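Novice: One-letter residues, chain by chain:
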Amino acid sequence: MAYVAVSGGEEAIEASIRLLEYYRSGTEMDLELEVVENKLSLLVDRVMSEAGLYSRRYAALALKQCEGSVEEAVFLLRAYRSTLKRSYDTRTLDTASMRIVRRISAAFKDIQGGQILGATYDYTHRLMNFSLEHEDAPALQSRMREELARQNPVLPEPCVRVSDSLKEEGLIERFPLDETPPFDVTQNLLEFPASRSARLQTLARADMGFISGLAYSVLRGFGQVHPTVGELRTGYLELEVPYLQNESESLWIGEVLITEAEVFNAADDKDQLKLACGYGIIFGRNENKAIAMAVLDHELDQGGDYPSQNEEFVLTHGDSLEMNGFVSHLKLPHYVTFQSKLDAVRKTRRKNHE
Amino acid sequence: MNKREISKILARADAACVRAMADAIKAEHEAVVVKAPEKSLTMIQLRDPVQETLFYLGEVIVSEAVVELEGAKGTAVVMGDDFNRVLDMAVIDAACNRGVFRQFAELERLAKEQELAAARENALFLKTMVNFTSMDSEAAQ
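Here the protein sequences come in this chain order: L and H.
Take the first sequence: its letters are residues 1 to 354, numbered as in my numbering.
Take the second sequence: its letters are residues 355 to 495, numbered as in my numbering.
The following block holds chain L by itself, in its conformation from the complex (with noise of 0.2 Å):
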């Protein structure tokens, strides 16, 4: 057995491409962007999320372009985004100055600040509504616009955290302040045992499907069972650079929309007498990747036996964009190694035989 050149299947690869526009011309409608963004805004979230890039329109663009498929969308997002250089880190932010749009908590019921419930399916019937295949966007658009108009405007107050009255109690514990500047997993291999903040960033890209079912076998027995959700906010944070011309001022560059976690967790200190907290944050509206986040956060300071304790199957196996394609490489031609495990057998028959 030998390795042998092949040529050919240029044209065949060329009419593959040509076919994938076949798939996307069904009708003479065009798929606007504007609508993707706005109508469709979970996907896009999702596909910011794992792309690790906030654009809502390039993120739409992504889904154009290949069908709505999330982990293509994600390949052209990080694809795209390596081709730019990066020149600012934000100022530091702090989460507890997000305008916030949802805030619920299901340890306590009176939370300071109240529980907003904002936008949620939580509390719908999930019944397909049929008047929407024809649905009047304008009147839609509209109806809004005048109920928004009608509002009493109520400035908006950033709220406590619900796990800084346990901090002042002393239920939950109370880290220093860490200055170390964060590990990049888009510029670094990551190592093992990693950084704080090499698994946030990590797990705040990590596919959305991968986290969910870790999240939900830790809660089936697999794990530290059942955390209670001390706080999920969703709402916006406004983003800062430092203004290069004289440092000491800033730019206010734009908000980006994010949801956060924290779960609560039965003692695990030495002595029993603090709560164990797990956080979570990602872009975009996606609590159950938020509280999935938060769990395996905690699940990893935990560590243990349990794949969602063990920080190298976590960390690296959520990546969409490394598990498709690792998945996806499985397709290609693999000639040759395969002849070679034909060769194996058939030579183990003909021993057998002999």
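Hints were generated in silico from the structure; no laboratory data involved.
Fair warning: this is a prediction, and the values are worked out from it, not measured in the lab.
Do not rely on the hints blindly, as some may be mistaken.
Heads up, simulated EDC-like pairs for lysine to aspartate or glutamate below, C-alpha to C-alpha not over 20 Å straight-line [stated by the list, open to error]: (1) H/K481 with L/E147; (2) L/K64 with H/D435; (3) H/K481 with L/D30.
Here the structure of chain L is known, so what remains is to put chain H in place on it, guided by the hints.
Specialist: Relative to chain L, chain H alone:
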């Protein structure tokens, strides 16, 4: 107004308003582009509220431009890829640095408008605030 306040107003304002302000400056002063608008990345750095460590959440795409107006440089950085806006914002920044920006009243008007819009939207969210009432059985516990 500091740089943060001005950039926040301009980044959220209607592009035509920003253009009109920059045009008014350019009608009286010569603005030279030092660094043409260009896209790049900005990494979001956060503090983890649980263990107080710093970490990176992810990146945003920003556009950046630098102009010079009669010896004073102006810089603008804003999320997205609206090159016209970022160039106009750099002109306004240069005018501020040169001390020839005269449209603070317009900025204040825009700021009020934006604040009102945010407060109205906030009111909409606050309508979903839950008022819990303890049931008898719970109160008895």
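Novice: Next, verify each hint and record whether it holds.
Specialist: Status of the hints after comparison with the structure:
1. H/K481 with L/E147: holds (12 Å)
2. L/K64 with H/D435: Given that 20 Å is the threshold and the Cα spacing comes to 19 Å, the pair holds.
3. H/K481 with L/D30: Violated. H/K481 to L/D30 sits at ~37 Å, over the 20 Å cutoff.
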